[in-house]
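Line order of the protein sequences matches chains A and B.
Residue numbers for the first sequence follow numbering that gives the first Met the number 0, so the first one is 0 and each next one is one higher.
Residue numbers for the second sequence follow numbering that gives the first Met the number 0, so the first one is 0 and each next one is one higher.
Don't read these hints as lab results, they were simulated from the structure.
Keep in mind that a hint or two might mislead.
All copies of an identical chain are treated as equivalent in the list; a pair is satisfied when it fits inside any one copy or across any two copies.
[Claimed, not checked] Lysine-lysine pairs mimicking DSS-like chemistry, simulated, CA-CA at most 30 Å apart: (1) LYS27 - LYS366; (2) LYS248 - LYS336; (3) LYS224 - LYS24; (4) LYS273 - LYS248; (5) LYS92 - LYS224.
Predicted model, so just to flag it, every value in this text is computed and none were measured.
Protein chains: 2
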Amino acid sequence: MSILHEKLDALFKPRSVAVIGASRKPGKIGYTILKNIIDYGFKGKIYPVNPAATEILGHKAYPSVLDIPDEVDMAVIAIPADKVLDVAEQCGKKGVKVLVVITSGFGEVGNKEAEEKLVEIARKYGMRILGPNIFGIAYTPSRLNATFGPPELREGSIAFISQSGALGIALMGWTYMEEIGLSAVVSMGNMADLDVAEVSEYFAEDENTRVITIYLEGLKPGTGKRFIEIMRKVSLKKPVIVIKAGRSKRGAMAVASHTGSLAGADQVYDAAFKQSGVLRAYTVEEMFDWARAFAYQPVPKGERTIIITNGGGVGVLATDAAEEYGVPLLVPSEELKSKLRETMPWFGSPRNPVDLTGQAGVENYVKALEVAYNSDEVDNIIVLYCRTAILDPLELAKAIVEVANKHADKGKPLLAGLVGGRDVYEAIRYLNRNKIPAYPSPERAVSSLATMLRYKRFREKLLKEHESKA
Amino acid sequence: MSILHEKLDALFKPRSVAVIGASRKPGKIGYTILKNIIDYGFKGKIYPVNPAATEILGHKAYPSVLDIPDEVDMAVIAIPADKVLDVAEQCGKKGVKVLVVITSGFGEVGNKEAEEKLVEIARKYGMRILGPNIFGIAYTPSRLNATFGPPELREGSIAFISQSGALGIALMGWTYMEEIGLSAVVSMGNMADLDVAEVSEYFAEDENTRVITIYLEGLKPGTGKRFIEIMRKVSLKKPVIVIKAGRSKRGAMAVASHTGSLAGADQVYDAAFKQSGVLRAYTVEEMFDWARAFAYQPVPKGERTIIITNGGGVGVLATDAAEEYGVPLLVPSEELKSKLRETMPWFGSPRNPVDLTGQAGVENYVKALEVAYNSDEVDNIIVLYCRTAILDPLELAKAIVEVANKHADKGKPLLAGLVGGRDVYEAIRYLNRNKIPAYPSPERAVSSLATMLRYKRFREKLLKEHESKA
Numbered sequence: 000m001s002i003l004h005e006k007l008d009a010l011f012k013p014r015s016v017a018v019i020g021a022s023r024k025p026g027k028i029g030y031t032i033l034k035n036i037i038d039y040g041f042k043g044k045i046y047p048v049n050p051a052a053t054e055i056l057g058h059k060a061y062p063s064v065l066d067i068p069d070e071v072d073m074a075v076i077a078i079p080a081d082k083v084l085d086v087a088e089q090c091g092k093k094g095v096k097v098l099v100v101i102t103s104g105f106g107e108v109g110n111k112e113a114e115e116k117l118v119e120i121a122r123k124y125g126m127r128i129l130g131p132n133i134f135g136i137a138y139t140p141s142r143l144n145a146t147f148g149p150p151e152l153r154e155g156s157i158a159f160i161s162q163s164g165a166l167g168i169a170l171m172g173w174t175y176m177e178e179i180g181l182s183a184v185v186s187m188g189n190m191a192d193l194d195v196a197e198v199s200e201y202f203a204e205d206e207n208t209r210v211i212t213i214y215l216e217g218l219k220p221g222t223g224k225r226f227i228e229i230m231r232k233v234s235l236k237k238p239v240i241v242i243k244a245g246r247s248k249r250g251a252m253a254v255a256s257h258t259g260s261l262a263g264a265d266q267v268y269d270a271a272f273k274q275s276g277v278l279r280a281y282t283v284e285e286m287f288d289w290a291r292a293f294a295y296q297p298v299p300k301g302e303r304t305i306i307i308t309n310g311g312g313v314g315v316l317a318t319d320a321a322e323e324y325g326v327p328l329l330v331p332s333e334e335l336k337s338k339l340r341e342t343m344p345w346f347g348s349p350r351n352p353v354d355l356t357g358q359a360g361v362e363n364y365v366k367a368l369e370v371a372y373n374s375d376e377v378d379n380i381i382v383l384y385c386r387t388a389i390l391d392p393l394e395l396a397k398a399i400v401e402v403a404n405k406h407a408d409k410g411k412p413l414l415a416g417l418v419g420g421r422d423v424y425e426a427i428r429y430l431n432r433n434k435i436p437a438y439p440s441p442e443r444a445v446s447s448l449a450t451m452l453r454y455k456r457f458r459e460k461l462l463k464e465h466e467s468k469a
Numbered sequence: 000m001s002i003l004h005e006k007l008d009a010l011f012k013p014r015s016v017a018v019i020g021a022s023r024k025p026g027k028i029g030y031t032i033l034k035n036i037i038d039y040g041f042k043g044k045i046y047p048v049n050p051a052a053t054e055i056l057g058h059k060a061y062p063s064v065l066d067i068p069d070e071v072d073m074a075v076i077a078i079p080a081d082k083v084l085d086v087a088e089q090c091g092k093k094g095v096k097v098l099v100v101i102t103s104g105f106g107e108v109g110n111k112e113a114e115e116k117l118v119e120i121a122r123k124y125g126m127r128i129l130g131p132n133i134f135g136i137a138y139t140p141s142r143l144n145a146t147f148g149p150p151e152l153r154e155g156s157i158a159f160i161s162q163s164g165a166l167g168i169a170l171m172g173w174t175y176m177e178e179i180g181l182s183a184v185v186s187m188g189n190m191a192d193l194d195v196a197e198v199s200e201y202f203a204e205d206e207n208t209r210v211i212t213i214y215l216e217g218l219k220p221g222t223g224k225r226f227i228e229i230m231r232k233v234s235l236k237k238p239v240i241v242i243k244a245g246r247s248k249r250g251a252m253a254v255a256s257h258t259g260s261l262a263g264a265d266q267v268y269d270a271a272f273k274q275s276g277v278l279r280a281y282t283v284e285e286m287f288d289w290a291r292a293f294a295y296q297p298v299p300k301g302e303r304t305i306i307i308t309n310g311g312g313v314g315v316l317a318t319d320a321a322e323e324y325g326v327p328l329l330v331p332s333e334e335l336k337s338k339l340r341e342t343m344p345w346f347g348s349p350r351n352p353v354d355l356t357g358q359a360g361v362e363n364y365v366k367a368l369e370v371a372y373n374s375d376e377v378d379n380i381i382v383l384y385c386r387t388a389i390l391d392p393l394e395l396a397k398a399i400v401e402v403a404n405k406h407a408d409k410g411k412p413l414l415a416g417l418v419g420g421r422d423v424y425e426a427i428r429y430l431n432r433n434k435i436p437a438y439p440s441p442e443r444a445v446s447s448l449a450t451m452l453r454y455k456r457f458r459e460k461l462l463k464e465h466e467s468k469a
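Starting from the given sequences, assemble the full structure and let the hints guide the process.
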């Protein structure tokens, strides 16, 4: 692992980046990538390479990578396909550690020979390759945005690996808007060398990543067993969430025509995910909902969950979702019930869901949360809110954050579901910014906790297996 | 039907409304309701009733409903429970047609006797009752917002019936933020008289409503058969989408403790919905996703669906969703394929999903949409977009609306799924404002079309049954 880790540091934490094919023309890929690297505030050195320029975007340009008077950790290659092999050769001679090959026109259009030669050259010089046929790589702790996607990215602890270019770029913009913080975005493309498993392995060790998300279309033939082995190890350290596209027959055909990779029978993938503890999501929204829960909150220690609400209706919806997704709702003891009863009006309900009623103010929520955090019967907390005239959602959000921070040492995950208009939306944002995963519906909060519980169960099972072997 | 309709016109299109318990104190329910009625611009006459005031919010106040020198179609009652019966008696004498009883403290807290007496009084005078224990009623074509929920509502053609108060109010705010246009919001409460079926029956005839949405916790005992009979008739005229809460065992218990209504075995409800053509949603978001499709687009005439995309990845996700939800993707003929090929770069794919590639501009989409609208092979169209640097999402949205309007007479539903950041979000809004149901993910567009197809199938089956009987 450590050798891999060191090598891939050149991909995520390069001290210097050459952009080969850097352009002065807005709209060109070689322009956008260089501009993104500069504008996002990359901490290392930046070397544009273009034989027809002496300066691009304020940086001295070099005719070739060999002319750069410094070590080059990473070379981003955005030149026509027929020139890539020569340039790769030069990079090898220069001692470049990793090639990020943006260029398309390789295996994905049947040009397998050139792709194999590219790999040969890399092997010869001990270089690693990301790509070809990708939109780039970003790693926010290095302030590195070497993509031709959007210029902005939120910093955070979710790593996102995408086997689709267009979707990956679109989701960069989407995560920014949704305030989803990322540690990395990695475009996989043809996976001539580096693949999903190896990149995940890096993130397993990465101190800036807490959860790994993957949009997967298909593994390369013959790499299935290795995928399972590696992902089991990765899952032990960090949760991995995957969307596997092409699960339907027609979807698999569409994958084949799209990336040329083997989609394979979906049951095979499903079994592989189960064996390796990989958490399978079915929509993009779901994947990032779950990821935020892992990014912000501790993995549950137990199963017993309490729901605290001010609306009976959302409480029922959450209860239905809990049964459907497999979240065990605790049955409060008489002692716990009597403590809860003190937090609510007389017509409230101390049963689970705990109904503080529409009359609930901030103080009712705070008291009920205190009881839940302090009770030995409670492992996990879901707090729900329906907009009422008497309880300002932002005030509630602030109080929730305060209580949660006070009890952070207890290791009990707290998730929130809030329903209402603009001010509720702002409260949801506030909670997420303060590391309380919050969603605009009760079901999405429950689904996220359910996934945390699935992960907890898998990890415990795996640890037991390890122990029994030892 | 027509007698019901006339009577309920007093609920939705009253010429005059008395607010009994109108208050001058902000924060009081009787204040908020009156203020909402005034501020939302109610077209009829407004009469505050309060023995301790001569004027409230600029309107002359009356000591009792009997003192109002005019006919009163609707009386909104927001006074303590122990005074409701007397006031109902007065309303009867006054000739009020419908009582909207906000007041709680009846059947839901065990006070069944008072609730029965209330119904008796109403029967005696030929009045109808909405409630008690409700947040009110809104009907946007009358500019009537007689609720203590948020003051604003978007006009539109979706009727929303809620058996939960807190959730209903919260969703008023949510629909406003999400720009979901409503014809009506009806709080059902204890359903002492008017129930979900009867209100739905009204909307079936209502020229301002295209689709009916219902948050349902449970029917009153003994009304199941009637529900099925009525809802079958309603479904023939308009789609009905329902969320039935309390489908899990624990959820059903929570319903019982929340509204006191019988949740019953979920299979019974499920069978009832299937028999009556009611479309069952599982989350609030899903319900309104589907409702927007019905509100904006025609019901499909056929099953054969085409997907047009600029991103392979979202195309695959949509294909998976199509298989899962039951949307048949057409296999294009050679003729159609050759026409589609002319709309895309050489490396695109004319198979379904039709992949215009990341190089696609507005003109590619417009050409492909023209082909789809003009082809006899195509019944339904799903258009997908991933944010790319070369295609501005708002420009695309404008072009889509133009093409769709041009071909509106063809009766082919068009739905859109767009993935990306802030500007994509704005494009989604633009599309929805212009009656193209648009969603931030491919799956949600497919799910909505799938529901339209389910509705189409049910209606055809039912029409056939009617024919064979005739």
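How the hints compare with the structure:
no.	hint	in the structure
1	LYS27 - LYS366	between (58 Å within a copy, 26 Å between copies)
2	LYS248 - LYS336	between (51 Å within a copy, 21 Å between copies)
3	LYS224 - LYS24	neither (45 Å within a copy, 71 Å between copies)
4	LYS273 - LYS248	both (21 Å within a copy, 28 Å between copies)
5	LYS92 - LYS224	neither (35 Å within a copy, 82 Å between copies)
Checked against the numbered hints given earlier, this structure breaks hints 3 and 5; the rest are met.
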